[in-house]
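Undergrad: Sequence:
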Amino acid sequence: MFDFNFDWSPDFNTNIEIIDTHHKQFFKIGRDIEQQIRTRCIGIKDKQLLDIVCELREYTGYHFYEEERLMKENSYSDRDLHKKSHQNFAKQIAQISMPKLKETPEVELRKLKDVLQQYFFNHILKDDMKMTQYILKKESNPDPNEDVKKTKKEGINNEYDPKYGIKICDLDVSRVYLFREQSHKGRVVLVYKEKKSDMGRLSVLERNILWSDISRVAKALQSLYAPQAINYATYGDVDSQLHFHIVPKYKDQIEWGDSFSINPNQIFLPQDEYEAMAEEIRNKIK
1 MFDFNFDWSP
11 DFNTNIEIID
21 THHKQFFKIG
31 RDIEQQIRTR
41 CIGIKDKQLL
51 DIVCELREYT
61 GYHFYEEERL
71 MKENSYSDRD
81 LHKKSHQNFA
91 KQIAQISMPK
101 LKETPEVELR
111 KLKDVLQQYF
121 FNHILKDDMK
131 MTQYILKKES
141 NPDPNEDVKK
151 TKKEGINNEY
161 DPKYGIKICD
171 LDVSRVYLFR
181 EQSHKGRVVL
191 VYKEKKSDMG
201 RLSVLERNIL
211 WSDISRVAKA
221 LQSLYAPQAI
231 NYATYGDVDS
241 QLHFHIVPKY
251 KDQIEWGDSF
261 SINPNQIFLP
271 QDEYEAMAEE
281 IRNKIK
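Numbering-wise (the numbering used here), the sequence shown opens with residue 1 and increments by one.
It is possible that some hints are incorrect.
Below, a list of computed lysine to any residue pairs in the SDA-like style, where the Cα atoms sit at most 25 Å apart [as the list claims (entries may be wrong)]: (1) Lys-84 with Tyr-119; (2) Lys-91 with Asp-198; (3) Lys-249 with Ala-218; (4) Lys-24 with Asn-122; (5) Lys-126 with Met-71; (6) Lys-130 with Tyr-119; (7) Lys-100 with Lys-83; (8) Lys-45 with Glu-66; (9) Lys-24 with Val-115; (10) Lys-113 with His-82; (11) Lys-249 with Asp-237; (12) Lys-83 with His-63; (13) Lys-138 with Asn-5; (14) Lys-47 with Met-71; (15) Lys-72 with Ser-9; (16) Lys-193 with Arg-282; (17) Lys-193 with Ser-85; (18) Lys-193 with Ile-124; (19) Lys-195 with Pro-264; (20) Lys-284 with Asn-231; (21) Lys-91 with Pro-264; (22) Lys-83 with Ile-262; (23) Lys-72 with Val-53; (24) Lys-126 with Lys-47; (25) Lys-113 with Glu-66; (26) Lys-286 with Glu-139; (27) Lys-45 with Glu-106; (28) Lys-83 with Gln-118; (29) Lys-100 with Glu-139; (30) Lys-91 with Asn-141; (31) Lys-84 with Ser-197; (32) Lys-163 with His-245; (33) Lys-249 with Trp-211; (34) Lys-219 with Ile-124; (35) Lys-138 with Gln-228; (36) Lys-249 with Tyr-274; (37) Lys-83 with His-22; (38) Lys-126 with Ser-197; (39) Lys-91 with Lys-137.
Source of the hints: derived by calculation from the structure; they are not laboratory data.
Just so we're clear, the structure is a prediction, and the values are computed from it rather than from any experiment.
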């Protein structure tokens with residue numbers, strides 16, 4: 001492939017701020033690789049190589065999650081094809097061999113740069129531009145009934161699951177419930193939508209998006225209730241459906257410094273309090 005320099009140009013803007021911010025970060029990673037190639041990787045440390053790989057893997061998580069969220073919210077017709085392109089690129093990044101990279105860093109970084117160039121020309125300049133133009137056009141001509149349709153589709157009003165609790169909302173790959181027992185204020189359960197029993201059955205992209213869902217919920221709970229810590233747990237031997245308990249913990253309150261129990265103090269709330277909490281968490285997540 002012809003040589004290409006990762007220098008950002010206004011021509012690459014999609015005019016959707018968060019997408020452009022992510023793309024600029026992608027260019028930064030590309031420039032870091034270029035710099036190492038220019039110096040022929042002389043004196044490069046293993047940590048520098050690991051940082052490049054980790055940044056790329058993180059990029060496939062937060063960036064693909066955001067694009068796929070936008071496509072879903074806007075009912076983008078080519079969403080499945082676009083997601084397939086994401087999966088292919090994420091697979092390439094997941095298969096980077098650290099032993100090979102450490103053994104012949106210049107050779108492997110040149111290969112990696114080619115992968116990033118192909119992704120830029122074949123996906124960012126084509127697929128992403130097409131997708132963002134669709135979204136911008138839709139935003140300039142909104143459907144007045146969209147909010148009503150969305151609420152009906154999500155079905156978030158007063159849904160209750162006897163195993164998990166009151167439904168808060170749907171995220172990209174998970175469903176969030178306010179746990180009935182509230183000894184730990186704000187405790188929720190995040191349940192993977194598809195029938196999966198453990199993390200090992202998820203693809204790299206699915207895992208990245210799931211962790212993004214978990215992070216969104218945790219940030220919302222932290223903002224609302226200011227716990228001193230948040231605990232996470234999944235019980236695969238009790239429930240075969242992949243799920244996570246996300247549990248705010250407070251100093252000088254129950255089970256601080258210890259593992260949380262399923263129903264420690266048997267604290268149950270009036271229905272209107274559950275609904276109010278579910279609503280405030282829902283609004284904070286969004």
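Undergrad: For Lys-249 and Tyr-274, compute the direct alpha-carbon distance and say whether it is at most 25 Å.
TA: Satisfied, since the Cα-Cα distance of roughly 19 Å is no more than 25 Å.
Undergrad: With a cut-off of 25 Å on the C-alpha distance, tell me whether Lys-91 and Lys-137 pass.
TA: Cα-Cα ~31 Å, so violated.
Undergrad: Is Lys-126 within 25 Å of Met-71, Cα to Cα?
TA: holds (15 Å)
Undergrad: Can you confirm whether the C-alpha distance between Lys-83 and His-63 stays at or below 25 Å?
TA: This hinted pair holds, its Cα atoms lying about 12 Å apart.
Undergrad: Would you mind confirming whether the straight-line C-alpha gap from Lys-24 to Val-115 stays at or under 25 Å?
TA: holds (17 Å)
Undergrad: Are the Cα positions of Lys-84 and Ser-197 separated by 25 Å at most?
TA: holds (23 Å)
Undergrad: Would the pair Lys-138 and Asn-5 pass a check requiring their Cα atoms to be no farther apart than 25 Å?
TA: Measuring from Cα to Cα gives roughly 33 Å; hence the hint is violated.
Undergrad: What's the verdict on Lys-83 and His-22, does the C-alpha distance respect the 25 Å limit or exceed it?
TA: holds (17 Å)
Undergrad: CA of Lys-163 to CA of His-245, is that 25 Å or under?
TA: Between Lys-163 and His-245 the Cα gap is close to 12 Å, so the pair holds against 25 Å.
Undergrad: So if I understand the rule, the pair passes when the alpha-carbon distance is 25 Å or less; does Lys-138 with Gln-228 pass?
TA: Violated - the C-alpha atoms of Gln-228 and Lys-138 are around 42 Å apart, more than 25 Å.
Undergrad: For the pair we were handed, Lys-100 and Glu-139, check the Cα-Cα distance against 25 Å.
TA: violated (46 Å)
Undergrad: CA of Lys-286 to CA of Glu-139, is that 25 Å or under?
TA: Judged against 25 Å, a Cα distance of about 18 Å means the pair holds.
Checked against the numbered hints given earlier, this structure breaks hints 7, 8, 13, 14, 15, 18, 19, 21, 22, 23, 24, 29, 30, 34, 35, 38, 39; the rest are met.
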